[in-house]
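**Student:** In case you want the letters, here they are:
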Amino acid sequence: MTPMLDLTGLRSVRPSEYAARFAFGGAVSVATTLVARAYGPLVGGLFLAFPSIFPASITLVKQHDGRAKALDDARGARIGGAGMVAFAIVVWAGSGRCSPFLVLACGLATWALVSVGLWISRYGREPQPAERHR
Amino acid sequence: MIALALRFLVGAMSVSAFAALGEAFKPKRFSGLFAAAPSIALVTLAMTFHSEGPRYVAVEARSMALGGFAFAAYCGSCIVIAKHAWCPIWLAAVSAWCVWGVVAFGAWKVLLVLGGAP
Numbered sequence: 606m607t608p609m610l611d612l613t614g615l616r617s618v619r620p621s622e623y624a625a626r627f628a629f630g631g632a633v634s635v636a637t638t639l640v641a642r643a644y645g646p647l648v649g650g651l652f653l654a655f656p657s658i659f660p661a662s663i664t665l666v667k668q669h670d671g672r673a674k675a676l677d678d679a680r681g682a683r684i685g686g687a688g689m690v691a692f693a694i695v696v697w698a699g700s701g702r703c704s705p706f707l708v709l710a711c712g713l714a715t716w717a718l719v720s721v722g723l724w725i726s727r728y729g730r731e732p733q734p735a736e737r738h739r
Numbered sequence: 005m006i007a008l009a010l011r012f013l014v015g016a017m018s019v020s021a022f023a024a025l026g027e028a029f030k031p032k033r034f035s036g037l038f039a040a041a042p043s044i045a046l047v048t049l050a051m052t053f054h055s056e057g058p059r060y061v062a063v064e065a066r067s068m069a070l071g072g073f074a075f076a077a078y079c080g081s082c083i084v085i086a087k088h089a090w091c092p093i094w095l096a097a098v099s100a101w102c103v104w105g106v107v108a109f110g111a112w113k114v115l116l117v118l119g120g121a122p
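Heads up: the sequence lines are chains A and B, in that order. Under the working numbering, the residue at position 59 of the first sequence is numbered 664, and the numbers go up by one with no gaps. Under the working numbering, the residue at position 31 of the second sequence is numbered 35, and the numbers go up by one with no gaps.
In short, the hints are calculated from the structure, not lab data. Hints should not be assumed to be uniformly reliable.
Label pairs and their computed distance ranges (CB to CB) [claimed, not checked]:
| no. | chain 1 | residue 1 | chain 2 | residue 2 | range |
| --- | --- | --- | --- | --- | --- |
| 1 | B | A24 | A | G729 | 21 to 29 Å |
| 2 | B | S55 | A | T613 | 39 to 47 Å |
| 3 | B | L116 | A | Q733 | 41 to 49 Å |
Here are a few chain A residues that sit away from chain B, every Cβ distance over 10 Å (derived from the structure) [unchecked claim]:
| no. | residue |
| --- | --- |
| 4 | S621 |
| 5 | A643 |
| 6 | C711 |
| 7 | S726 |
| 8 | R730 |
As the structure is a computational prediction, the values presented were derived from the model and not from experiment. For every residue, glycine included, the Cβ atom is placed at its ideal position computed from N, Cα and C.
Just chain B, same shape as in the assembly (with noise of 0.2 Å):
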């Protein structure tokens, strides 16, 4: 429990720095950059290599670049659906999701058949 806490706390402050970070640079098109930060793993994996050791972690870092990939297909639909005026921006950005979760999972199905897992 206590770990959790930790956890909390500490990727609250790293999500927030990347996102006060993105609010000190313009051009939008630049500080959009740190939207994509790798905040959340930063202190996920660094906290993993503690509890769970190296290997847990390369394991997690190879599932995370196919997620990566999924994240910038998941902006690729938020621009499309976005430029439609009558869509709620909120709308669009949620609705992608479901991209992030075809690329991402696809991928790592993809993995999986190649026999990549361990």
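Next up, chain A with everything else stripped away, as it sits in the complex (with noise of 0.2 Å):
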């Protein structure tokens, strides 16, 4: 299996469910802002990884690809997850000792490099599934 580029993928979505996205995104950052206020950066931090636009955004799979995609779907997640802790691991490593932006830039390219590699080592080998088209 290899990842393509599919620009078509994008004009699929509707202007309402980018809107949805949009607004969703906003909040959650807003909420995961008043958590680490309230409760402190020790629980605020948890909610960093809240899978809080997760349900809406695999509903919008299952509604345009159907249940099985939509697993799909889940299962990228799962290894982005590794990711995730691997980009937070950076930043805690990094925060104090080098300037905000380098330290978040290399916790993005770790998150993009260890996701995509254990993706590779994980599915790169088995075939390229058919694509319905949209």
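Hints are included, so try docking the two chains, each in its own frame, into the full complex.
**Tutor:** Structure representation (structure tokens):
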């Protein structure tokens, strides 16, 4: 299985779905800030990895592409979770040692490397699935 | 209030950007990676660096690492629940939040007991 860029997927999403993600993303960003202010950074940090948007996004995948593809989306996200752990460890280790921009950029690069690396090692040798035309 | 409005705007843009990236890749099993992108964390931590400083960010990031394990466990349980055709996908995804809570707060409690908290 080889990942491929397919920009037609962007056109299949309705403007209202983009708007919902925008509103959800903003609301969750504010909510995590408020949790950190109320309960401190130990609890606030946990909620930086809370799957708040995931139920909405997996439901959209199910509506567009069916249950099997929604499950595939969750399988990808499970691997991305390992990348999220790597991101957090890099930020934890780098905070105070380098500039904030460098710390976050390195964290993001680590997320991408770990996620894609694990994905290729897990699914790279599987045959390409037949994609349904939307 | 202005700071919260700014967080809303930047957080919304970050989530939308990662969601669009996810839509631009196939197969779905790969684009699912972007559902676990640190889109909220990136924005929140960047603004927290500015407002609270690096020590605060380090504590948040350490907790986030525990939350990341919980996220992976959440996705695993979501897959198990959603495999049952009678269960609506949204219900599987929402009910699996319990798994996230148990793993995240369980790991957090272990960290406290081991004396890792400042």
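**Student:** Hint by hint, work out which the structure violates, then give me just those numbers in ascending order.
**Tutor:** none
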